[in-house]
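Heads up: the first sequence at position 358 corresponds to 1818 in the working numbering, and the numbers run straight through without jumps.
Hints are supplied without guarantee of correctness; some may be wrong.
Each computed DSS-like pair below joins lysine-lysine, with the alpha-carbon atoms no more than 27 Å apart [as the list claims (entries may be wrong)]:
no.: 1; residue 1: Lys1790; residue 2: Lys1813
no.: 2; residue 1: Lys1754; residue 2: Lys1735
no.: 3; residue 1: Lys1843; residue 2: Lys1883
no.: 4; residue 1: Lys1820; residue 2: Lys1857
no.: 5; residue 1: Lys1754; residue 2: Lys1883
no.: 6; residue 1: Lys1863; residue 2: Lys1710
no.: 7; residue 1: Lys1735; residue 2: Lys1646
no.: 8; residue 1: Lys1735; residue 2: Lys1813
no.: 9; residue 1: Lys1710; residue 2: Lys1638
no.: 10; residue 1: Lys1569; residue 2: Lys1688
no.: 11; residue 1: Lys1894; residue 2: Lys1969
no.: 12; residue 1: Lys1754; residue 2: Lys1475
no.: 13; residue 1: Lys1763; residue 2: Lys1863
no.: 14; residue 1: Lys1561; residue 2: Lys1638
Calculated from the structure, these hints are not laboratory results.
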Amino acid sequence: MCSSKFKLNMNKDEKVIRVRFAPSPTGPLHIGGVRTALYNFLFARKNNGKFILRIEDTDQNRYVPGAEKYIQEALSWCSLDLDEGPNVGGEFGPYRQSERKEMYYSFVKNLIDSGDAYYAFDTPEELDGMRESMRSAGVPSPTYNNISRSSMINSLTLPLDETEKRISRGDKFVVRIKMPRNHEIKFKDKIRGWVSVNSNNIDDKVIYKSDGMPTYHLANVVDDYSMKISHVIRGEEWLPSAPLHVYLYKCLGWEDQIPQFAHLPLILKPDGNGKLSKRDGDRLGFPVFPVNWKNPETNEIYKGYREEGFSRAAFINMLAFLGWNPGTEKEVFNLDELVSEFSLSRVGKSGAKYDFNKLKWFNQQHLRRMDNEEIYDNLVDKKVDFSINPSKEYWLKVIGLVKERATFLDDLKLELSCFLSNKFTYDVNSINKKWNLELLPHLSSLATIIFNLQKFTSSQIEISFHNYLDDNDLSLGKLMPMLRIAITGRLAGPSMFGILELLGKEEVKLRIDRAIKDIQHG
RNA sequence: GGUCCGUUCGUCUAGGGGUUAGGACAUCAGGUUUUCAUCCUGAAAACAGGGGUUCGAUUCCCCUACGGACUGCCA
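All chains, please: the whole structure from these sequences, using the hints.
Here it is in structure tokens:
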């Protein structure tokens, strides 16, 4: 007895981990959805399991062209590679519910035959009428449940032959689950612990629609079962219907195949409260989508993080930390590191307000961790319009000089501009502030001195610069800004001596001469 | 309204029967830097409230308050 129980547990532990991300293609995936996908991915990779994409398109009315493609593109931008899915295949396909349409009815039929479900003929108008009259009688949210079903038109209230007649003549019908009276339905959520609901509080949900498609609830359970899903990791908005799903497993005879549930806390709006929604982006000034989305009807573009210049690593890192943390003080993680640290037991219970600022910080941190070579590969513009040889080595040095000043890869464009071209204009404010005509002679003589240096290196230049200042009783703060304006056109930038070395003697000479000649004070 | 879930600095969070309740972002103040940015140092900033249990509760239990999700032939 004991040993067999032990064996059973062993089997359960050794069960292959299979998780699915199951969005419905009703529009672009927003960051909450991406995080759900991410947690599924991390959990699968961490446990040597499979990460599966399943498209839940049981509602034809809400189908949005391009949405599925968007989902794939978003996942792929985030490097959340699929093991199985609509475009990658797999032995449990098809992975679109619309393509699985035929398989659902037999399960529905089983439920009807066992008395766990029934036909209902009420039209949408009749349902509205029922709800309306119940509301006016003081019921805040009327449901089709184990009480109200007795006054509706269904196979429970109709004589058998009438039901058969209606079906055989092609009347529209739906199939509803028949929730039992006073049953305690409970399950253990990996994040929340035991959740228990009395069946009296669950309504007779439609599981099969009059258009011949299953509803989410049924399709979800049937597919998770047939795809051998071991863990259902999804948003907290599904928590209220989880007991129904558990009950469905029981009715279908799959009680020992019920997956483990993990209901993730929601991502909340940064201002006020409530679930972050697709509309919040414009209102709050940050994207809510991973990559750009173009509304196929209006052609309106909704901004994505990719296009706004964020790195996938930073985006993923930020998302991972919205509701999860490793329990250490380390915060900057790449995907592989997240995989090795991830665990559902460290996912929090309460909703997290989205923090755009923190994402910027993550972006900066990840940019800093990118090596110069990688940044070099990402540089679009590697042509220099003045007479130096822009070797790769040159660029690596320039990048090293400039890298830590940037939050975005794009910031480097500005930082790099003086290394790309000498055809810049001088910034007027900088000139007004620091360009001093009386010191022009000093700038010239300083230039002469450094041009005579044997080694035009930042350290040699720095030494002669300081010597010159000492000899002429000048302060650094006077002459240096002028030099900077002459060389870069503006006042902000990285170490001046480093810039001079990299530009090289000839180019520096050219720029100083030109500045002295061209800059008009005031 | 009902059901379910939740509640530690402004935000993300660590912690967990005895702690100066820790970190990060943001904020503010100093410092380094020729400059801007970076960087460094520091400051301010939290256990929702009330009852239990206990020698002791922020931590465990209950209640209240507040917040959220759900309440469709949507997912």
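Consistency of the hints with the structure:
1. Lys1790 to Lys1813: 21 Å, holds
2. Lys1754 to Lys1735: Holds, at about 23 Å.
3. Lys1843 to Lys1883: Cα-Cα ~14 Å, so holds.
4. Lys1820 to Lys1857: 25 Å, holds
5. Lys1754 to Lys1883: Between Lys1754 and Lys1883 the Cα gap is close to 38 Å, so the pair fails against 27 Å, i.e. violated.
6. Lys1863 to Lys1710: 58 Å, violated
7. Lys1735 to Lys1646: Within the cut-off at roughly 26 Å; holds.
8. Lys1735 to Lys1813: It holds: about 9 Å lies between the C-alpha atoms, which stays within 27 Å.
9. Lys1710 to Lys1638: Holds. Lys1710 to Lys1638 sits at ~13 Å (cutoff 27 Å).
10. Lys1569 to Lys1688: Within the cut-off at roughly 22 Å; holds.
11. Lys1894 to Lys1969: Holds, at roughly 20 Å.
12. Lys1754 to Lys1475: Not OK: Lys1754 and Lys1475 at ~42 Å, beyond 27 Å, violated.
13. Lys1763 to Lys1863: 26 Å, holds
14. Lys1561 to Lys1638: With Cα atoms ~22 Å apart, Lys1561 and Lys1638 stay inside 27 Å; holds.
Checked against the numbered hints given earlier, this structure breaks hints 5, 6, 12; the rest are met.
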